[in-house]
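Enquirer: Chain by chain, the residues run as shown.
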Amino acid sequence: MEKILQLYTRPFFLLGQYIVLLLQVFTIPDKWKVFFKQLIKEIYKLGVDSLGIVWIISIFIGAVMAIQIQLNLTNPIMPQYILGLTTRDTLLLEFSSTIMCIILAGKVGSNIASEIGTMRITEQIDALNIMGVNSANYLILPKVVGLMLFTPVLVVFSMFFGIMGGYCIAIFTDLVSLSQWEYGIQSYFKEFYVWYSIIKSVIFAFLISTIASYHGYYAKGGALDVGKASTKSVVVSSIYILLMDVVLTKLLLQ
Amino acid sequence: MIIVENLIKSFDGNIILKGINTTFEAGKTNLIIGKSGSGKTVLLKCLVGLHKPDSGHIFYNNRDIVSMKPKELKHIRTEIGMLFQGSALFDSMTVLENVSFPLQMFTDYTKAEIYKRAMFCLERVNLLHATERFPSEISGGMQKRVAIARAIALNPKYLFCDEPNSGLDPQTSILIDELIHDITAEYNITTVINTHDMNSVMGIGDNITFINQGEVAWEGNKDKILTTNNKVLNDFVFASNLFQKVKEAAINDSPEEA
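Listed in order, the protein sequences are those of chains A and B. Per this note's numbering, the very first residue in the first sequence carries number 1396; after that it's consecutive. Per this note's numbering, the very first residue in the second sequence carries number 0; after that it's consecutive.
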């Protein structure tokens, strides 16, 4: 009976623990100077270091998307420029924000969870607490703010390189003419789609950084448990990204 | 001075500390000894405020930290230095940055003043040659010394050490013990050490508290421990043949001295 009760109450316990952690995180830093120093470090580590993977994935997915759309939408009554238009809108609406953030949840989320988890099991977090430092605020706030600030940059970067990938298909293959591709990527352009992606990415960045930090901060045991916490953080944040994607799409586009 | 009164701590209904009463004196190295699972680490974590006791009091010079509000506790924490079993140095910082960290967080010192104080602490533990190295690049003994330097950076009134000799060779262990003992006397710190190491007990045990099954089973010092009749303590301390011989020698010597 007790176990069944625990099964039902556990999600509320975890949610409460997450909220308590966030309350500790979102307090005024002990020293602003130290906070900004950490913030710069985190932007570099979590954001700038992710530019490479974003660039590579975006250019290839952009290229593949152009080929797939061309193969599946070839129709005499369909204008050729539809290829550029569809590729652009798919990149802007979903790939560069949602899919890229799921990829970032894997790269950045696991990095955050394992870093904080290792600090927890090697007593570095206890050391901070004993010194009187608000460890949650000191460790997590710069990561959350840093990722929320830099993810929109990564998203815009991804949009640009995704379209460049499609461009390469137009230049190096005969699937579509360059003029038709260029016309397509400029047709019916809605600026809001870019803002929509940026808004989504900021919220996803918050989810990635806080969920990963939560799993790392409450890690227990040894190296194996840090690995588990890291994996769990990736799975959980990916699910919440997809869930939030549905909610935000309904709210922002309808 | 730290006074512990009727300290009780349990986890999930399992009582670990069953009403601890003891005193840790200033300017002395106070050792907590006991078997694995006896509650030593839990006691130490209660003392530094990492665990909240179920009941009881912990007085830091007449200030009860158990009933303190977080803000007051935060102030007390700046008077505490702690040396962890695994050193707990920050991996991403160099030795110098590790020692400078508490100074950056809790003082209004200028960069030059922080540097000067950190270098003084590192000189005190004889580590001036390793300032730019990362914790992963130095030995276990050096890591312990860095942790001591970091712990004393803010001139603490209380120093807590959890198994300071674990994983160290006997020679380095003695060096660490002597360092802690000297610093304690030099700055009149209330030092509490949680240890298994009998060499430490015999070497620097000014005040020893033996914990058995969550209770204080014996209190004394390094001289008294050799001649005690407490069976549980004798079974624990003199488990090795070497220490049995030391005890026999001490007992044989005592009538002559008398």
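Quick caveat, the hints were computed from the structure, so don't treat them as lab data. Since the structure is predicted, the reported quantities are computational estimates derived from the model, not experimental observations. Note that CB positions come from ideal geometry on N, CA and C, so glycine has one too. Among these hints, one or two may not hold up.
To be verified - Simulated restraints, written as ranges between beta carbons of each label pair:
no.	chain 1	residue 1	chain 2	residue 2	range
1	B	Met-67	A	Val-1641	23 to 29 Å
2	A	Val-1641	B	Ile-7	48 to 54 Å
3	B	His-195	A	Gly-1447	19 to 25 Å
4	A	Val-1641	B	Asn-61	57 to 63 Å
5	A	Arg-1405	B	Asn-5	32 to 38 Å
6	A	Glu-1489	B	His-195	34 to 40 Å
7	A	Gln-1649	B	Asp-53	24 to 30 Å
Stated by the list, open to error - Result set (DSS-like, lysine-lysine): computed pairs, CA atoms no more than 27 Å apart in a straight line:
no.	chain 1	residue 1	chain 2	residue 2
8	B	Lys-34	A	Lys-1426
9	A	Lys-1428	B	Lys-34
10	A	Lys-1398	A	Lys-1502
11	B	Lys-34	A	Lys-1432
12	A	Lys-1615	B	Lys-34
13	A	Lys-1436	B	Lys-156
14	B	Lys-34	A	Lys-1436
15	B	Lys-115	A	Lys-1440
16	A	Lys-1440	B	Lys-34
Enquirer: If any of the earlier hints don't hold here, list their numbers in rising order.
Expert: Those not satisfied are hints 1, 3, 6, 7, 8, 9, 10, 11, 13, 14, 15, 16.
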